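Engineer: Listed below are the residues making up each chain.
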Amino acid sequence: MIKPRIKAPVNSYESCKLQIKAGAGEIYVGYLSDKIKKLSFSGRGKESYNKTKTHVNYDEFKKIVKLAHEHGVIVEFAANMPMIGDDPDGGTKFQEYFLEYIQGAILAGVDRLIVGDLGNIIYLRKKGIKLPITASVFLATINSEQGLLLKDLGVDKLCLPHHLTFDEIKSIKEVTGLDVEIFAHFGCSFIESTCSLYHHANEEINFGLPCRGIYYLDKTDESTTILDTGEDCALCALPEIIDAGVTSIKIVGREMDYKLTSTITFIYNYALSSLERGEKMDNIMSHIKERFDFDFWEKGFCDTERCKYINTEYYI
Amino acid sequence: MKYEIRVRDYEKLSDIIDLEFDIVGIGDEGCVHKLPNIEIAKDMIKKIKNARKMIRIITPKIPERHLRRVVELIKIISNETEEFWITINDLGLLYALKKEKIELKHVTIGRAISRSFEDCLWYEHILRDEDEFVKDAIIQNNMAHKVKIDFFKDYQIDAIESNMLEHQEKAFANLKNCGYKVCVHYGYIAVAFSRACQTAKYYKAEIPDCKAKCSKPIHMTMTGIWDRKEYLKPSSKVEEINPTYNLIGCVLYRDYLGELSAVKFTNIDVMILNYSQFENVLKLEQAIRKIREVA
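So the sequence lines, in the order shown, correspond to chains A and B. Residues 1 to 316 (our numbering) make up the first sequence, in order. Residues 1 to 295 (our numbering) make up the second sequence, in order.
Okay, chain A solo, but in the shape it has when bound (with noise of 0.2 Å):
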């Protein structure tokens, strides 16, 4: 068995800290750019509704990054803003700020960088940046074809979008023989690349999670949770993960409390540790049960039904 990394999103000193502690294997974070106010060159706002700061100063970057490699982690760099163009009179000085935001991650010693955009990949190339690169889930790669033809650009590490089948990771893993990523813990309901219901974007007004909102329906005068699909918690598929090649799974929260965050890697470590092992999974949810404060996982995930890539029935 090949134990996948656990890849954990990091958004102060003391969270990096933690996240290592828990078992991270990998971690990604972003610091502030004095270039844009509120948005950032990475997937998140430099804060999230409550307040909480997804991004790090430059120094306490500096040090994260230095942290982690003392501990042999790997630093992922969010520079996975999801769409970029031209500037409106058709010169190119923000993909420059854009540029000096991965010029700044590369002197700090980051190991790989998250693109979120095909025009990016091919600019940094064109750059002389060599750095290896993961395509962020902005891509939207939901197919393996669309692997190789990141591949072609030289990419090395596909994060897949949400909702997928095991078999379908799988495919993508063998077709592309790039390493590939999943999300383990939290997720959306639409694919990234293709929504629009902004949050987590330094709003100061309070949206929620639009997809998982309620929504009055005129025709049938109901109110319901007609947009919600997300699925959050892959936990029990951690058998079928490792044997779909998966080579990391993510944790996804820098907008969230790093103690939440951090205890659910600790938690997905500990079953990885566990199944490398050879104990069977149901003995190792039983210790988790046993061992643990397991409550709010339980009333949080499994109660509500929200297991990824289990529940396929609505996937097209």
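Treat the hints loosely; a few may be bogus.
Okay, derived cross-link-like pairs now, SDA-like style, lysine to any residue, Cα gap no bigger than 20 Å in a straight line [said to hold, decoys possible]: (1) Lys37(A) x Glu130(B); (2) Lys233(B) x Ser223(A); (3) Lys216(B) x Thr220(A); (4) Lys204(B) x Glu305(A); (5) Lys130(A) x Phe151(B); (6) Lys37(A) x His219(B); (7) Lys146(B) x Leu99(A); (8) Lys299(A) x Arg128(B); (9) Lys213(B) x Tyr216(A); (10) Lys151(A) x Glu100(B); (11) Lys35(A) x Glu124(B); (12) Lys53(A) x Arg128(B); (13) Lys229(B) x Glu204(A); (14) Lys259(A) x Glu130(B); (15) Lys127(A) x Glu124(B); (16) Lys219(A) x His219(B); (17) Lys99(B) x Tyr216(A); (18) Lys93(A) x His219(B); (19) Lys229(B) x Glu298(A); (20) Lys98(B) x Leu153(A); (21) Lys93(A) x Asn177(B); (22) Lys299(A) x Lys98(B); (23) Lys181(B) x Gly90(A); (24) Lys135(B) x Ile205(A); (25) Lys93(A) x Ile149(B); (26) Lys153(B) x Gly154(A); (27) Lys259(A) x Asp227(B); (28) Lys176(B) x Asp87(A); (29) Lys237(B) x Leu99(A); (30) Lys37(A) x Arg228(B); (31) Lys204(B) x Thr304(A); (32) Lys35(A) x Lys216(B); (33) Lys237(B) x Leu275(A); (34) Lys127(A) x Lys181(B); (35) Lys204(B) x Ser223(A); (36) Lys46(A) x His219(B).
No lab work stands behind these hints, which were simulated from the structure alone. None of the values given here were measured: they were computed from a predicted structure.
Mind docking chain B on chain A? Use the hints.
Structural biologist: Below, chain B alone, put in the same frame as chain A:
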């Protein structure tokens, strides 16, 4: 400016075929199951050709398990008729068609790839404190991007689809300067696309036998906010923004809120109307007439 009417169901073709317009779009930007099978595709092509209209095949994002089937369908259609347009919403499909050496003359990038920050109903709020330059750069259409244009040169792409938005005038001009035709969707802005179909889930319908369930939109307004802990009543500011949407299959849309007279038609080559968004064919005809008057 040309006019295109999209039909997501074969049975609806006869409703619109005799209207005065230029292009018939077949398929759906969200769902692979709305693509016709080979026999139906052949029959539709024949009917559309007889009506002296152009044909566009619309393809959505294609999950791994459907990819080969779609590539084969496009291959057969390209053997059946040389002159057809195809809308691509999946880079993998684009790559596969090229690899298979399927000759395509007119490829359009669809709006599951061609996006703008302005697609979001509350984009102005999110960009509230940004400098004008940054704001303009961020709401630019992501396809008005020279590095992408160079890349797409090998893929016969000659047109880009876009939402009809109030601040895309410069973006459309840029796309035209890049040599693309600009195809704009009338009235309804695509906000989000899903692979897990919300309509099928709502009706507890089995995929793919659910096709009739999404022939008309489901209209909705946000009345409860999920803040990860509990549902909250929307604030007055949320109510002011009024998150009102309609769902067709697995694609969420919102209305275009501006005046039609505010649209600059100069840089628009094709105006696309989706028949599913209209109550009946009369309303569709009225919309075309209205656009013709204003444009």
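Engineer: With a cut-off of 20 Å on the C-alpha distance, tell me whether Lys153(B) and Gly154(A) pass.
Structural biologist: Status holds; Cα separation ~19 Å.
Engineer: Next pair to validate is Lys46(A) with His219(B); report whether the Cα-Cα distance is within 20 Å.
Structural biologist: 33 Å, violated
Engineer: For the pair supplied as a hint, Lys299(A) and Lys98(B), is the alpha-carbon distance within the 20 Å limit?
Structural biologist: Not satisfied, since the Cα-Cα distance of roughly 48 Å exceeds 20 Å.
Engineer: Check the hint pairing Lys229(B) with Glu204(A) against an upper bound of 20 Å on the C-alpha distance.
Structural biologist: 18 Å, holds
Engineer: With the threshold set at 20 Å, check whether the alpha-carbon distance from Lys229(B) to Glu298(A) stays at or below it.
Structural biologist: 14 Å, holds
Engineer: Below or equal to 20 Å on CA atoms is what counts here, so check Lys204(B) against Glu305(A).
Structural biologist: 16 Å, holds
Engineer: Does Ser223(A) sit within 20 Å of Lys204(B), going by the straight-line distance between their CA atoms?
Structural biologist: OK: Lys204(B) and Ser223(A) at ~17 Å, within 20 Å.
Engineer: Is the Cα-Cα distance between Lys216(B) and Thr220(A) 20 Å or less?
Structural biologist: 14 Å, holds
Engineer: Has the given pair, Lys233(B) with Ser223(A), been kept, meaning a C-alpha gap of at most 20 Å?
Structural biologist: Roughly 13 Å separates the two Cα atoms, so the pair holds.
Engineer: Lys204(B) and Thr304(A) were given as a pair; does the straight-line alpha-carbon distance stay at or below 20 Å?
Structural biologist: Holds: Lys204(B) and Thr304(A) sit about 17 Å apart, inside 20 Å.
Engineer: Would the pair Lys135(B) and Ile205(A) pass a check requiring their Cα atoms to be no farther apart than 20 Å?
Structural biologist: Holds, at about 19 Å.
Engineer: Taking only the CA atoms, is the gap from Lys219(A) to His219(B) under or equal to 20 Å?
Structural biologist: Since the Cα atoms of Lys219(A) and His219(B) sit roughly 7 Å apart, the hinted pair holds (cutoff 20 Å).
Checked against the numbered hints above, the structure violates hints 6, 8, 14, 15, 17, 18, 22, 29, 30, 32, 33, 34 and 36; every other hint is satisfied.
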